[in-house]
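There are 2 protein chains.
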Amino acid sequence: MEGTLKRAVIIGAGNVATHLASALENTAGIAIDTVWSRNIENASRIAAGLKSAVATDEISAIPRYADLYLIAVSDDAIADIASSMPPVNGMVAHTSGTVPIDILATVSCKGYGSFYPLQTFSKDRALDLANVPFFIEGNDEETAKALYGPAARISTRVIYADSSLRGKLHIAAVFASNFANALWGVADDILAETGLGLDILHPLLEETLSKAVLMGPDNAQTGPAKRNDQHTINSHLAKLTDPRLKELYSGLTNLIIARQCQK
Amino acid sequence: MEGTLKRAVIIGAGNVATHLASALENTAGIAIDTVWSRNIENASRIAAGLKSAVATDEISAIPRYADLYLIAVSDDAIADIASSMPPVNGMVAHTSGTVPIDILATVSCKGYGSFYPLQTFSKDRALDLANVPFFIEGNDEETAKALYGPAARISTRVIYADSSLRGKLHIAAVFASNFANALWGVADDILAETGLGLDILHPLLEETLSKAVLMGPDNAQTGPAKRNDQHTINSHLAKLTDPRLKELYSGLTNLIIARQCQK
Numbered sequence: 031m032e033g034t035l036k037r038a039v040i041i042g043a044g045n046v047a048t049h050l051a052s053a054l055e056n057t058a059g060i061a062i063d064t065v066w067s068r069n070i071e072n073a074s075r076i077a078a079g080l081k082s083a084v085a086t087d088e089i090s091a092i093p094r095y096a097d098l099y100l101i102a103v104s105d106d107a108i109a110d111i112a113s114s115m116p117p118v119n120g121m122v123a124h125t126s127g128t129v130p131i132d133i134l135a136t137v138s139c140k141g142y143g144s145f146y147p148l149q150t151f152s153k154d155r156a157l158d159l160a161n162v163p164f165f166i167e168g169n170d171e172e173t174a175k176a177l178y179g180p181a182a183r184i185s186t187r188v189i190y191a192d193s194s195l196r197g198k199l200h201i202a203a204v205f206a207s208n209f210a211n212a213l214w215g216v217a218d219d220i221l222a223e224t225g226l227g228l229d230i231l232h233p234l235l236e237e238t239l240s241k242a243v244l245m246g247p248d249n250a251q252t253g254p255a256k257r258n259d260q261h262t263i264n265s266h267l268a269k270l271t272d273p274r275l276k277e278l279y280s281g282l283t284n285l286i287i288a289r290q291c292q293k
Numbered sequence: 031m032e033g034t035l036k037r038a039v040i041i042g043a044g045n046v047a048t049h050l051a052s053a054l055e056n057t058a059g060i061a062i063d064t065v066w067s068r069n070i071e072n073a074s075r076i077a078a079g080l081k082s083a084v085a086t087d088e089i090s091a092i093p094r095y096a097d098l099y100l101i102a103v104s105d106d107a108i109a110d111i112a113s114s115m116p117p118v119n120g121m122v123a124h125t126s127g128t129v130p131i132d133i134l135a136t137v138s139c140k141g142y143g144s145f146y147p148l149q150t151f152s153k154d155r156a157l158d159l160a161n162v163p164f165f166i167e168g169n170d171e172e173t174a175k176a177l178y179g180p181a182a183r184i185s186t187r188v189i190y191a192d193s194s195l196r197g198k199l200h201i202a203a204v205f206a207s208n209f210a211n212a213l214w215g216v217a218d219d220i221l222a223e224t225g226l227g228l229d230i231l232h233p234l235l236e237e238t239l240s241k242a243v244l245m246g247p248d249n250a251q252t253g254p255a256k257r258n259d260q261h262t263i264n265s266h267l268a269k270l271t272d273p274r275l276k277e278l279y280s281g282l283t284n285l286i287i288a289r290q291c292q293k
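Chains as they are written, first to last, in the working numbering: chain A, 31 to 293; chain B, 31 to 293.
Hints in this document: simulated from the structure, not taken from any laboratory.
Treat the hints with care, as some may be off.
In this list, chains with the same sequence are indistinguishable; a pair is considered to hold if it fits within one copy or across any two.
Said to hold, decoys possible - Simulated crosslink set (DSS-like; lysine-lysine; CA at most 25 Å straight-line):
1) LYS241 - LYS153
2) LYS269 - LYS198
3) LYS256 - LYS276
4) LYS198 - LYS276
5) LYS256 - LYS153
6) LYS175 - LYS140
7) LYS81 - LYS36
8) LYS175 - LYS153
9) LYS241 - LYS198
10) LYS175 - LYS241
11) LYS175 - LYS198
12) LYS140 - LYS36
13) LYS256 - LYS36
14) LYS153 - LYS81
15) LYS269 - LYS36
16) LYS36 - LYS175
17) LYS276 - LYS175
18) LYS269 - LYS256
19) LYS241 - LYS256
All figures in this text were calculated on a predicted structure; none of them were measured in a lab.
Given these sequences and hints, build the entire structure.
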C-alpha cells in the first residue's frame, strides 16, 4: 500500500480547520474534497477558498473513500464526531494536543492518529505555518509515516509524539502561553491606571522572549526576585491591594528565588 | 538658558551604559566626553567605540562642566555614586525605573531627573532603540524638557513619567516580563523531560504575545482555564509533582477563571 495521501475531508470549520485546509491543499498538495461543519455557512466559507471542495452539514454525507479525514474541532467535540461519523476507508486524524488517539479507533478502517500543530490560531490572522511545529502520532508506523509526509511539506519542524509526550507538551504550553498571557492581563490592568496599555511593554516582552529562548530562561532572568531585592519586593507587595495578586506575586517571586538557588 | 545638551559624561559601563552612550552620540548628536567605571577596562571598552571619549575609574576626575551626566548603573549602586560624585554644573539623570530622582538632588547644580529606557539590555545583542519607550522625569519642567529632547531623537515613544507612574510601570513589567520568564523556565523543565526545549514553543509564544497586544490579553486567552475545563485542569494537577508548581497552576488557573467572569 502506498502511504501518499491525495484526497482529504476536513471535519470542522474553526480556526485550525481554516488554516490547515488551505495548507494541506496549497502546500502539501492534497486536494480537499469535502468540508463538514454543523454550521453549513462556516463549511461553505472554507470550501469557497479551496479549489473544488464541497460543503456539507450532514456527517453521514461525507465521502467514504478519501485518503485522509482530518478532525479539526475542539477537544470536547472529538468524541461526539467520532461516534456520529460513518466508518471510513481512509486514515483519520485529529488535531488535538491532548486527546488520546484511541478515541478514533472505531472510525477508521485504515489507521488513525494525531496531526497536531502547536500554535494558537485566529481566523483573521495570517500565519506562517512553515515555522509551526507539528506533532504526529499514528496507531501504527505506516499511519505515522503517512501523516508525517504532509506535515513535513507544510512545516520545517515535524516531530513524532505519542500521547504522553503531547501531554507534557500541553502542560508546558499552559504554563508558557496561557499563564504568561494571564500575567500580561494583570500588567495591562496595572498600566490602565496610568493611561498606558500593554503595547508599551511590547518591545520589552519581545526581547524577554528572545533572550529566554536563546539563553535559557534562568540565565535570562532579571528583576527584583532574581536579585533577591527584598526592599523592592516588599514595596511592590505593599502596593498590590488584590489578595489574589499579592499571593501570585509572592508565589512567583519565591519560584524565581528557588530556581536561582538550584542552578 | 538653552536646554540643548551637547556634551555628556557616562557614569557606568554595563549594558545600559553601552547602548545609551552609543545612541546619545550617534543618534542624539551629544558628544560623549568621558566614560567612568569602577573598572577601567570596561570604561575603556565603551570609550573605544565612541568618537573622542576618554575613560576613567576616578569619579573625582570627571569633568565638571558637561551638559549631561547620565548615571547608568544598577539601582542599588545609584546612592553610592550620588554620594561619591563631585557636584557638577550640568544636569544629572539616572536610568532607573524604580529609584526616585531626589536621590540626585545634591549632586547637580542644574537639574536632575530620570532617563529610563524600558527594555532589557544585553551587551552583545543589537537593539533597535527606536522602538524602546523612554520615560522622562525632571525635578522641574526645564530639566524634563531638556532630557526629553535626546530621548525623542533616539526613540519614537517618549513619555513624561513621575516616580509614581514609573513605580506602576515597574510592577507591571515584573508581572509581564520577569514572572512570564519564570513560567517559561517551568515550561523548559517540563519539555526537557521529553528531550525538547523552549524553542519548540517559540512560534506559539510569539503569536500569543502578538495577540495579547493586539486583542488584549483577556480576549486572546485560550486554554483549559479559559474553558473552565475541569477534566484537563485536574489531569494536569495530578501530573505535577512539585507542590510549588501545583500551587502556581491552581493560582493562575483561578486568576484566569476570575478574569473571565469579570468581563
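Tested hints:
1. LYS241 - LYS153: between (29 Å within a copy, 12 Å between copies)
2. LYS269 - LYS198: The answer is between: 9 Å across copies meets 25 Å, while 36 Å in one copy does not.
3. LYS256 - LYS276: both (18 Å within a copy, 22 Å between copies)
4. LYS198 - LYS276: between (29 Å within a copy, 14 Å between copies)
5. LYS256 - LYS153: Result: close only across copies, 19 Å inter versus 39 Å intra.
6. LYS175 - LYS140: within (13 Å within a copy, 73 Å between copies)
7. LYS81 - LYS36: For LYS81 and LYS36, the Cα distance is within 25 Å only inside one copy (14 Å; across copies 64 Å).
8. LYS175 - LYS153: neither (29 Å within a copy, 45 Å between copies)
9. LYS241 - LYS198: For LYS241 and LYS198, both the intra-copy (23 Å) and inter-copy (24 Å) Cα distances are at most 25 Å.
10. LYS175 - LYS241: Neither: 35 Å inside a chain and 34 Å across chains, both beyond 25 Å.
11. LYS175 - LYS198: within (22 Å within a copy, 53 Å between copies)
12. LYS140 - LYS36: within (15 Å within a copy, 76 Å between copies)
13. LYS256 - LYS36: neither (54 Å within a copy, 37 Å between copies)
14. LYS153 - LYS81: The answer is within: 19 Å in one copy meets 25 Å, while 51 Å across copies does not.
15. LYS269 - LYS36: neither (61 Å within a copy, 39 Å between copies)
16. LYS36 - LYS175: within (15 Å within a copy, 66 Å between copies)
17. LYS276 - LYS175: neither (50 Å within a copy, 37 Å between copies)
18. LYS269 - LYS256: Within one copy only: 20 Å inside a chain, 28 Å across chains, cut-off 25 Å.
19. LYS241 - LYS256: within (15 Å within a copy, 28 Å between copies)
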